[in-house]
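A.B. asks: Listed below are the residues making up each chain.
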Amino acid sequence: MKRALAFLPLLIALIVGGFFLWGLNPDRDPNAIPSVLIAKPVPEFELEPIGGLDTPGLSRENLSGNSAPVIVNVFASWCVPCRAEHVVLSRLVEKEGLTLFGINYKDKPEDAVRWLTELGNPYDRIGSDLSGRAGIEWGLSGVPETFIVGPEGMVLFRYVGPIIGDEAVGNFRDALIASGALQGKQG
Amino acid sequence: MMKHLIVLFFLIIPFATYAVEPDEMLQNSAMEEQAREISKELRCVVCQNQDIDSSNAGVARDLRILVRERLVAGDSNTEVVDFIQARYGDYVLMRPPFKLQTFALWFAPPFLALLALGVGWVVLLSGQPKQAATGLTDEEEVEVARFIDLHKSGDEA
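Top line first, the protein sequences correspond to chains A and B. If you use our numbering, the first sequence corresponds to residues 1 to 187, in order. If you use our numbering, the second sequence corresponds to residues 1 to 157, in order.
For the record, the hints were derived by calculation from the structure and aren't laboratory data. Careful, some of the hints might be misleading.
What the hints assert, rightly or not - Which bits of chain A does chain B cover? Going by a derived footprint, with three or more residues having C-beta under 8 Å, they are: (1) 24-35; (2) 169-181.
Stated by the list, open to error - Cβ pair distances, simulated, as ranges: (3) A:Glu48 <-> B:Met94: 31 to 39 Å; (4) B:Ile148 <-> A:Leu10: 25 to 33 Å; (5) B:Asn56 <-> A:Pro81: 42 to 50 Å; (6) A:Leu11 <-> B:Ile148: 33 to 41 Å.
Unchecked claim - Computed from the model, here is a short list of chain B residues facing chain A with C-beta under 8 Å: (7) Val46; (8) Leu63; (9) Arg87; (10) Gly89; (11) Leu117; (12) Val119.
Bear in mind the structure is a predicted one, so any value in this text is a computation, not a measurement. The C-beta atom is built at its ideal place from N, Cα and C for all residues, glycine as well.
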């Protein structure tokens, strides 16, 4: 018994050390909230198009029966990181031929139209979520957020925050490859 | 003195104000009270560790309005909370639910406390000096007395 007790400090040090190793890992984001939507069908929502824009609106029906996984990006003209992310998403659409849908979150239609005219419009469909109610259905915590939705209307991946910088873009590309939207080639 | 009190008063004011804005509040004061209670149980997903009742974040405001809408529509407290939990997950609850995945969360603190108490107890016990065997047999008493007597007389001599 006495001899066994001698190992107690070592055991405690190992447990505490292991906890620190986990807790101090720079790759761990303590603010990350697990999404309940993953591997679940897209939530019920129906959004009108942005007034003064030709792009059609977005609803749940548009997210099932697609031939390949699609990207759903929540954006707003008042969101500064969205501007930086816009380039990344546009490139994915132009270079890789992916389908991009948008949810324009709590944005004045005229502001959104001006923003899209200035930066270009890579979106096939955009729903205008003036009240932010569709955002709640998607479990949104802020803009931008980006989802990958499978052909059957299942949410496969969620990215909180702007997809900018090599690491974020790399992670998102990996998710696209995993979902089958992209071939596993280096690009 | 008066000056100090006034300063103190203005320092305290910010803590007494609420994030709930007048335009969100319900006319029905009982229902508003109910909404406030529910809001205190829901975590803001932007400013984590704050409930939506005291958070100024946009999403928190939207959720507060949603809570009130559901109440007006005739939902019970649990129905409202379930509605939001279905969209934001367990994380949105200030009090985590009691289920298999959260057992570690619920049981770890009492388990660690018991462990600490146990270790402390063992350490305290083992630190105490062993009680020496007390009491002498009659024979020994006699022998000790004789020994003392012998030396006493020896000193006097």
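A.B. asks: Evaluate each hint against the coordinates.
C.D. replies: To see whether the hints hold, each was checked on the structure:
1. 24-35: holds (count 4)
2. 169-181: violated (count 0)
3. A:Glu48 <-> B:Met94: 31 to 39 Å: holds, 35 Å
4. B:Ile148 <-> A:Leu10: 25 to 33 Å: Cβ of Ile148 of chain B to Cβ of Leu10 of chain A: about 53 Å, so the range 25 to 33 Å is violated.
5. B:Asn56 <-> A:Pro81: 42 to 50 Å: Violated, since Asn56 of chain B and Pro81 of chain A (Cβ atoms, about 20 Å apart) do not stay within the stated range.
6. A:Leu11 <-> B:Ile148: 33 to 41 Å: violated, 54 Å
7. Val46: holds, 6 Å
8. Leu63: Since chain A brings a Cβ to about 7 Å from Leu63 of chain B, closer than 8 Å, the hint holds.
9. Arg87: holds, 5 Å
10. Gly89: At 4 Å from the nearest chain A Cβ, Gly89 of chain B passes the 8 Å test, so the hint holds.
11. Leu117: violated, 14 Å
12. Val119: Constraint on Val119 of chain B satisfied, holds at 7 Å.
Hints 2, 4, 5, 6, 11 from the list above are not met by this structure, while the remaining hints are.
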